Structures are given as structure tokens and as C-alpha cells.
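Line order of the protein sequences matches chains Y and W. The first sequence lines up with residues 1 to 303 when you count with this note's numbering. The second sequence lines up with residues 1 to 240 when you count with this note's numbering.
Just so you know, not all the hints are guaranteed correct.
To be verified - Just so you have them, the derived chain Y footprint on chain W, three or more residues with Cβ under 8 Å:
1. 83 to 89
2. 162 to 169
3. 191 to 198
What the hints assert, rightly or not - With the Cβ distance kept under 7 Å, some of the chain W side facing chain Y (calculated, not the full set):
4. Pro73
5. Lys92
6. Gly93
7. Val94
8. Ile103
Since the hints were derived computationally from the structure, they do not count as laboratory data. Computed from a prediction, not measured in an experiment: that's the story for all the values here. Using N, Cα and C, we set each Cβ at its ideal position, and we do this for glycine too.
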Amino acid sequence: MAMKSARNVHFWQIDNKVKNILKVNGVILLTSPQAWEKFNWTRKYFLKRPEQGYFIWVRNQIDFPLFSCISIAHKNITQKLQNLLIIEKDLKLSLQGSCNSLKKTLRGKHKASGKIILRQGSSLKYNHIHTWGEKDIVEPEYEFILGKNSKLDYTYKTLYTPQKLKINNSFNLAAGASCDIKMIANCVETETSIKDVLTLKGQGSSGVINLRLVGGKASKVLAHSQVIADSESKGHLDCQGLLIDKESNISLIPELVCKNKLAQITHEASIGRISQDQLTYLRMKGLTETQATNLIINGFLET
Amino acid sequence: MFLEIKNLKVKGNGKQILKGVNFQMEKGDVQVLLGPNASGKSTLCHTILGNPKYKVVAGKIFFQGKEITDLAPEKRVKLGIALSFQSPPVIKGVKTSQLLDKISVIKDSKLKELEQVFDKHLLERDLNLDFSGGEKKVSELVQILALNPKLVIFDEVDSGLDLKKIKNVAEIIKKELIDKKISVLLITHSGAILNFLKPNITNVMISGKIICRDKNYKKVLKIIKKYGYEKCKKCPFLAD
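Using the sequences and the hints given, assemble the complete structure.
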């Protein structure tokens, strides 16, 4: 997220300092330490007393998206965030979250954990964008708790991966809840592991996880996605990898666990290389090999 | 000479496909290359554009006096050579409009004008995904016009199209290219489009060689229609 638009960011943190929190009618926006002190009931959601992070509590409907931006701007910074987002019953929210390093060589550490809680009938559209430097270490760990008939549309995208990226997400769905998860990563010179666990707890719940992973410049990518059907529910995993060079490797582990005979859970997985026919076609339209490769990669990540 | 090919021998998948092709084009020429299936027509046009799938084992290609035999495909495009593919590959996730934006060398206003040729939805669809035969041809044609080329090679531009669509495509080629003195090489094995575009030179390729070169496309078409390409093989006026 460009710094120019920082004035419009509802929660803005640089390094370990909160730069700004905007007031929004109908929404309680605090730092997580403030929320811990002010609302005793939030303590059950935090793993321990939070040092940093945002607390967003949507209590009334708002008709515009919220923006959060957490950046690393200086060398050797360690961020330890605990975030909590709660959307009350039947409310809708669109959230644009950005976490990034402002330079490529800052050697920062960004550890974020949190809970995203959707009460009954609520919905969240969450675009989560990461942009990291070559030496950063990034470890997000989120639990999404979806109440009855709630709806989550979550897209995680990182086009500039850190040196090490370790993502752990879990999605727990109550009856009638649904989710559409997209995990998009252009992995370059990185060791990336992604673990997603989608648990279809309630009857009639449904969820899809789409993984699009590109491995280039000697990257090691491991993605383990799991769908667990506890009840009569529907789930699908779609895991696709694209290898760019011979030094990289991608491991995709789609896992289905069915505990109910009426559940329908499916998966598809594939890993391929860039098609020479596509590459040649684009070069014969005037693009250089690099331009053609980038266009194909971007296309793959968008499918 | 605008385009000159000398004794070109080309292999594809280890097999010799072109067996000594000689060919010339002047600026503003509209030429056609006829021939049966698997005679080497598509291999020739892909080799002119530098498709790495085809290896030149002998011979040379010159464009506007410059040898381009070993030039990268994108550099040939920059020199002004463009190819309309017979079967363009599907590229998922890449919108037709994205490719047009990337390759276009013409003014934005002109590109917008060209895009009017498209059904608006086609521009926002994945490149060549589930395109009909006609949609593929139109997509290729608009890409070519966006490149503002000097020489255009159409590989089977009329295949899979009915007569009405062939006429539509031919009208665009005439208005946007031929009338502007841009050289055009048409590859076909049916010849239906020729009545609209009236080539000034007709070539016939059989078994990897151009064996006939004639100014009268009607005469050549008539012979092929009546006797088939077998008659060409026995012609006493073989080009080589």
C-alpha cells in the first residue's frame, strides 16, 4: 500500500509504532493491548497479553472498506502482532490488509497471529496483500471462526516473498457457513510453507481452497492443505503449482478427511512447467522471454 | 529484395521438413503459398518468425537486406514481421486485452478503434480459451494490426470460417494492410480467400519445396481443383 494513501488507512503501523488509527462510526478500532485492557472478554481470544496488533470490532454496518497497513521500515525490526477482528451478526465488511517491507534488504521479522470472528449471518471480503524483502522472515498464523450462515471471501497474495515464509491458517465453519479461500504466492528465492486447514463442522457448510504457487530462483515450496468434513458438507481443494527453474521445487499435499458419510469433499492438484508453446507464441508476438514468462506467471496466479 | 529465403532446409522434431526452399517477396506484394497438408507451409512461416521448435540446418533468411536467420523471434517482430497463428495456444489467466496492451506499438486511440472489432467480452476473456474459429482469427488479426507490421504472414487465416466470415476477414486485411502497401503472405490449402485478396504471385509447396511460382492465381487454383496437387508434381515448369 502506497504511503501516499496512509491518511486513509484505518490502522497504520510502522516498525513497532502505531502511526495512526482512524475513527469510524460503528466500528471500534484499537490496538490489541488497548483492547486487552478495555474489554475483558477479548482476553479469551488472545493467546496471551498482546504487545502489538489491531483490534477491529464491527458493531454497525459501514458501507466502505477498512484498510490496515503494517510496514517494516528499518533494519532488524521484529514485529509480534496479535490481531483480532470481530464482525457482529448480519453485518458485512470489506477489509484490505497490507503487510510489507519498505525496502528489500531490511532483514525484518514479522510474526502475526490472530483470530477473525464472523458472527452469525455476517460476511467478510478480505484481501490480504504481502510484499516482502529478500531477507525477511514472515510467520502469519490466523484462525478464522465462521458462525452460522456467515460467509468469508479471503484472498492472500504475495508477489514478493521473504526469505522464509511460514503460513498457518485454520478455517472453522459452523452450520450453513461458506468460505472461498485463495492463496496466491509468487515464490522467488524463498523457503515457503503454507498450511491451511478447513474444518467443515456444521451441517450444510461449504468451502473451497484455491492454491496458486509459483516456484522460481531455487525456491522450496511446501503446501499442505487439509479439508476435514465433520458433518454433511461440501469442500474442495484446488492446488496448482508452476515451476520456473530446475533448482526450485514445489510439494503439494492435499488431504481430505471425511468423518460424515453424507459429506462431499474433493481435490485436484497439479504441478507443471511453463509451456514452451505459450512462451514461443508470446515471443512471436514481440515480447521478450522475460516479459512472456512474467505474463504467463501472472496469468497462472490469477486463474 | 524485401524478403528473401535462400535454400532453406529446416528440421522439426528431428525430421527434415523444408528441403531447400527458395522464396522472394517485394515490398507491397500479396503472395500466396498453396500446398497440401503437411507440405511444410506452416513450418516455413514459423521459421521466418524464428520459432525455436524448428532448426535451420542450411540456408539463409533476409529481411530488408538484413540476415535474420538466427535472430530471436521478438527481434524479428520488432523489425516488422508478424504472424497470424493458425492454432494459437490457450493462455489461462491472461486477458486478450492484456496482451494487446503489452504488444501494441500504435497510438492508444487507434488501439481502442481496433478493439471495436472485438465483441467486448472477448477482450476480457482468457486468451484463446474457448474461442470459436472466427474469434481466433479476429483476435490474431487485431494483434497483428496493433504491431503495425511491414510484412504479415497469415497461416490458414481462412480455415474453419464460412464464406461470409472469410469475406469479413479479407475486407479487413485489404483495408488495413494491402491498401496500405503492407506485404502479405497468405498460407492456405483451400484458396477460398484468394478471390477477395487477389495475390500477385502464387507459390505451390509440395514435400518441403516450392515447386511452382506463377502470377495467375486463378490458373493455378483451377489446375489444383481439377487435377489435385499431383498434377503440380508433374508440371514441366517446376520452379526449381
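Taking the hints in turn, this is what the structure says about them:
{"no.": "1", "hint": "83 to 89", "in the structure": "holds (count 4)"}
{"no.": "2", "hint": "162 to 169", "in the structure": "violated (count 0)"}
{"no.": "3", "hint": "191 to 198", "in the structure": "violated (count 0)"}
{"no.": "4", "hint": "Pro73", "in the structure": "holds, 4 Å"}
{"no.": "5", "hint": "Lys92", "in the structure": "holds, 5 Å"}
{"no.": "6", "hint": "Gly93", "in the structure": "holds, 3 Å"}
{"no.": "7", "hint": "Val94", "in the structure": "holds, 4 Å"}
{"no.": "8", "hint": "Ile103", "in the structure": "holds, 5 Å"}
Figure legend: structure checked against the earlier numbered hints; hints not met, in rising order: 2 and 3.
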